[in-house]
Amino acid sequence: MFRYIARRLLIMPVLLIGVTVLIFLMLSMLTPYERASLYVSDIPKRQGALEGIIEKYGLDDPIPVQYWHWMVGRKDEATGEIKGGVLRGDLGWSKVGKSSVSEVIGRRLPATAELALWSAIPLIGLSVWMGVIAAVNHNKLTDQILRVFAITGWSIPTFVFGLLVLMLFYARLGWFPPDRLSEWAQRIVTSGDFTRYTQLHTVDAVLNLRFDIFVDALRHLVLPVLTLSVVSWAFMLRVTRSSMLDVLRQDYMTTARAKGLAERTVIRRHAVPNALIPVITVGGLTLIGLFNGVVITETVFNFPGMGKFLADAALTLDVVSVLGVTLFSSFILVFGNLVVDVLYGVVDPRIRLE
Amino acid sequence: MKVLKRLLKNPTSLTGIVLLIAFVVIAIAAPQLAPPPENSRDAFMIPRDGFSTEPRSPSDEHMMGTTEGQYDIYYGVIWGTRTAFRIGVVITLFTTVIGLLIGAISGFYGGWVDELLMRITEIFQAFPFLLAAITLTSVLQTVYGRGDANIMVYMARLLSMVTFFQSPTAAMDPIPMQILTGMLAIIVFGWMTYARVIRGNILSITEFDYALAARTIGAGPMRILFRHLFPNAVFPVLVIASMNIGSYVLTFAALSFLGLGAQRGYADWGQMISFARNWVPSLAEHWYIVVYPGMAIVLFVLAWNLVGDALRDILDPRLTGSRA
Numbered sequence: 254m255f256r257y258i259a260r261r262l263l264i265m266p267v268l269l270i271g272v273t274v275l276i277f278l279m280l281s282m283l284t285p286y287e288r289a290s291l292y293v294s295d296i297p298k299r300q301g302a303l304e305g306i307i308e309k310y311g312l313d314d315p316i317p318v319q320y321w322h323w324m325v326g327r328k329d330e331a332t333g334e335i336k337g338g339v340l341r342g343d344l345g346w347s348k349v350g351k352s353s354v355s356e357v358i359g360r361r362l363p364a365t366a367e368l369a370l371w372s373a374i375p376l377i378g379l380s381v382w383m384g385v386i387a388a389v390n391h392n393k394l395t396d397q398i399l400r401v402f403a404i405t406g407w408s409i410p411t412f413v414f415g416l417l418v419l420m421l422f423y424a425r426l427g428w429f430p431p432d433r434l435s436e437w438a439q440r441i442v443t444s445g446d447f448t449r450y451t452q453l454h455t456v457d458a459v460l461n462l463r464f465d466i467f468v469d470a471l472r473h474l475v476l477p478v479l480t481l482s483v484v485s486w487a488f489m490l491r492v493t494r495s496s497m498l499d500v501l502r503q504d505y506m507t508t509a510r511a512k513g514l515a516e517r518t519v520i521r522r523h524a525v526p527n528a529l530i531p532v533i534t535v536g537g538l539t540l541i542g543l544f545n546g547v548v549i550t551e552t553v554f555n556f557p558g559m560g561k562f563l564a565d566a567a568l569t570l571d572v573v574s575v576l577g578v579t580l581f582s583s584f585i586l587v588f589g590n591l592v593v594d595v596l597y598g599v600v601d602p603r604i605r606l607e
Numbered sequence: 011m012k013v014l015k016r017l018l019k020n021p022t023s024l025t026g027i028v029l030l031i032a033f034v035v036i037a038i039a040a041p042q043l044a045p046p047p048e049n050s051r052d053a054f055m056i057p058r059d060g061f062s063t064e065p066r067s068p069s070d071e072h073m074m075g076t077t078e079g080q081y082d083i084y085y086g087v088i089w090g091t092r093t094a095f096r097i098g099v100v101i102t103l104f105t106t107v108i109g110l111l112i113g114a115i116s117g118f119y120g121g122w123v124d125e126l127l128m129r130i131t132e133i134f135q136a137f138p139f140l141l142a143a144i145t146l147t148s149v150l151q152t153v154y155g156r157g158d159a160n161i162m163v164y165m166a167r168l169l170s171m172v173t174f175f176q177s178p179t180a181a182m183d184p185i186p187m188q189i190l191t192g193m194l195a196i197i198v199f200g201w202m203t204y205a206r207v208i209r210g211n212i213l214s215i216t217e218f219d220y221a222l223a224a225r226t227i228g229a230g231p232m233r234i235l236f237r238h239l240f241p242n243a244v245f246p247v248l249v250i251a252s253m254n255i256g257s258y259v260l261t262f263a264a265l266s267f268l269g270l271g272a273q274r275g276y277a278d279w280g281q282m283i284s285f286a287r288n289w290v291p292s293l294a295e296h297w298y299i300v301v302y303p304g305m306a307i308v309l310f311v312l313a314w315n316l317v318g319d320a321l322r323d324i325l326d327p328r329l330t331g332s333r334a
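For the protein sequence lines, the chains are A and B, in the order given.
According to my numbering, the first sequence holds residues 254 to 607 in order.
According to my numbering, the second sequence holds residues 11 to 334 in order.
What the hints contain is simulated information worked out from the structure, not anything from laboratory work.
Keep in mind the model is a prediction, meaning the values are calculated, not measured.
A portion of the hints provided could be inaccurate.
To be verified - The calculated SDA-like cross-link candidates involving lysine to any residue, where the alpha carbons are at most 25 Å apart (straight line), are:
| hint | chain 1 | residue 1 | chain 2 | residue 2 |
| --- | --- | --- | --- | --- |
| 1 | A | K393 | B | R274 |
| 2 | A | K393 | B | V28 |
| 3 | B | K15 | A | N392 |
| 4 | A | K393 | A | D499 |
| 5 | A | K351 | A | D499 |
| 6 | B | K19 | A | K351 |
| 7 | A | K393 | B | V247 |
Chain B with its partners taken away, still in its complex shape:
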């Protein structure tokens, strides 16, 4: 509660919270703000008004204009909010769980287990993140293109249950499929910060007296881990998670921009901006195809970063109450 109070007092984090609430409201009210057309099969596919390539400026009918292929930008920006939350939250969920497990095992058992897990972590960190995500996405898409059944398909099924609330027995829909490959790639290369922070945290806490006290009264390792160590690691993880949601959304948007993320016409901000690549010389007249979806991404990421930054300042005791 004290944390929340301080978050609301700080002007920058207040801005972040207000922005986040606004995005949540937009995401919830999407069907009212931008009603999907009667006959639409998937509300996330942006309705088209004709098929001509040339983007059209904002008008009464299309508040933010239409982009190449006559996709309505306003509709895409509104429904894209849902996509952004889905992608950001689900990726964060999975990466946190993986990182927590690896970090906890590593920090708790120590010795060669720790050595091995930390080397593996370092190997994953040896890749430039975006490059690794691009690579794995293109591999996964090749694999899916053939429709082979393998372990990746099961992982994608799990992911689609969480992300799209899809029944596990239903056939995989090709539209979410492409998004899932990108998400899976980001998850595989995105868990390392959590693992390292959790490990460091557990190592430092086991030195403290209360862990020793718990051990002397005969508490088992699991009890110490779950009752004493995890609760102390919650806040640092919260800080990283809030800062990372923004960067996951950014990375996914970058994949979409390169043509590897969401499918053409899907309500995804990065995908919408990718159309602008064909209109660079005439961007001065077609400014709206970049500015509106671009603004949405920037504000979304900014909101998470502002909150994360403030949380870090508040939870880092070294930064409070000092003179400098």
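The shape of chain A in the complex, shown without the other chains:
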């Protein structure tokens, strides 16, 4: 167990460094001028100012030297101030966000987190439950219906699904609007009377005892949450189903039945816990799905999160912002995968012995 976790922990820095190297390789395809916004917010129009900046921040240095400065920052000779440096949390200047990239990410993250949290919870419960039902009724009608549901859900592009639900529930019925809050609610939330403890509107509304705002925030969340979860939902259902089918074929299932246990108990106590092991391992993949989905979902619903920021930045080719968000997301993903791996080792003793 210890060795297993130790190995995972040792690989992690390799992965993190690899990710930064890859990102920097992409950055190095840009001209020094385009890279300048890694260090400065705007380049003065004066003659020669650009050359000065390129020289000052060494944007013409050999790539490995530049990589080092990009990682740890670069000291400004005149003021003694350190600029840039991914390790210091400085990802450069965002032209689209008109502030530093890390600041924009910090500002946009709560919206994305709220969306992801609301998506993840129903997603896990429902998909596992549906997967078990499908496997227990293997090749019967229920199984076929759930299979078609899963494979269709897997085939619908997020943006098509999002636009279709908007068409029905917003344009036609007017139940669930896009954006994150209605205008009146937005005014209250940004006013001084409303304390923003967590920046998650639904949680803050409850803490402030403003249930009208809670309902409003929820109305804006229903469609994006549905859109974001549908793909991963289908995926998890399929994984649970096939893993459950595998378990149902094992000899210990026969043993359990031979002991005279009721079928219900056999499924609940012996099959489901074992079937859940592979489901945990795809947790990382689901996380990827959420990251990918967030970009599209937030764009469709005009939801002011990190994904929308990435899409806006990419459209105007604000590469420094795009790379910043991608780097940040990959770091989260690497840590998420570590958690998944450790969990896997904890629940499955066979892995530890490897």
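The hints should help you fit chain B onto chain A, whose structure is shown.
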């Protein structure tokens, strides 16, 4: 042959095959189904009927209506089939070759080569796929915007030869150029599943007796690799490829939807749907700007997924002939 028979017997995979054949027919017959206007320079550019922004409902003249800017939706859906096949097949081709090479080298040589290649694979997998594709596309488009000659331009030339049958000496056409950047980005971040599966497969097969037997009679490593190991890896690769074509097309459509893939007015489903972003409050009346191209994507991806899913079930011996 046995595989084909079983594919045709299963109702879900049969649906998939029928859908695929239908798409192939549409792609081949595109010039007959939706003849391009006489004076058109590029058949893939959707003809426009006027320049007003407001989409127009389906009519006798425009079977599926027109979208913003009066692009004919029917024409776009038909010619978009060709675009989807091109993109899906070419990306799959390149990713499979890259994955096969890396996976085979890794599994065959083992040791530090394996360790190194697998760590690199893991690093590429550490990125959320769509985010990585968006990032690389925006970098490539910045580079191309300047018209710099570098290695990427040569890769794009190779890609345009395969994708657009463009002569390598001809100047790069700016219209396919934008599509190529998206494809290149998807290829760079799309080969990892193949590499891992091939590696795993080769590792497990080298344990088998026939690989040992081949070695004892003095077969060289290349002979073992090509005569004994690759043929065994073909089916798993086929399954992944058929499931991945759908996801590549989806990812490219997502890039187009965000405005990074195909150019405005190009016959590409994702690009056509991106117009709908400006019409969200009135989508109830302008439903056709989402529903027709959206249906095309869903059915296309569904077809590949159905076939891939059935192939996996058939080729996975653990799933056959069991009681449960």
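Okay, the hints, checked on the actual structure:
| no. | hint | in the structure |
| --- | --- | --- |
| 1 | A:K393 <-> B:R274 | violated, 47 Å |
| 2 | A:K393 <-> B:V28 | holds, 24 Å |
| 3 | B:K15 <-> A:N392 | holds, 20 Å |
| 4 | A:K393 <-> A:D499 | holds, 17 Å |
| 5 | A:K351 <-> A:D499 | violated, 53 Å |
| 6 | B:K19 <-> A:K351 | violated, 59 Å |
| 7 | A:K393 <-> B:V247 | violated, 30 Å |
Hints 1, 5, 6, 7 from the list above are not met by this structure, while the remaining hints are.
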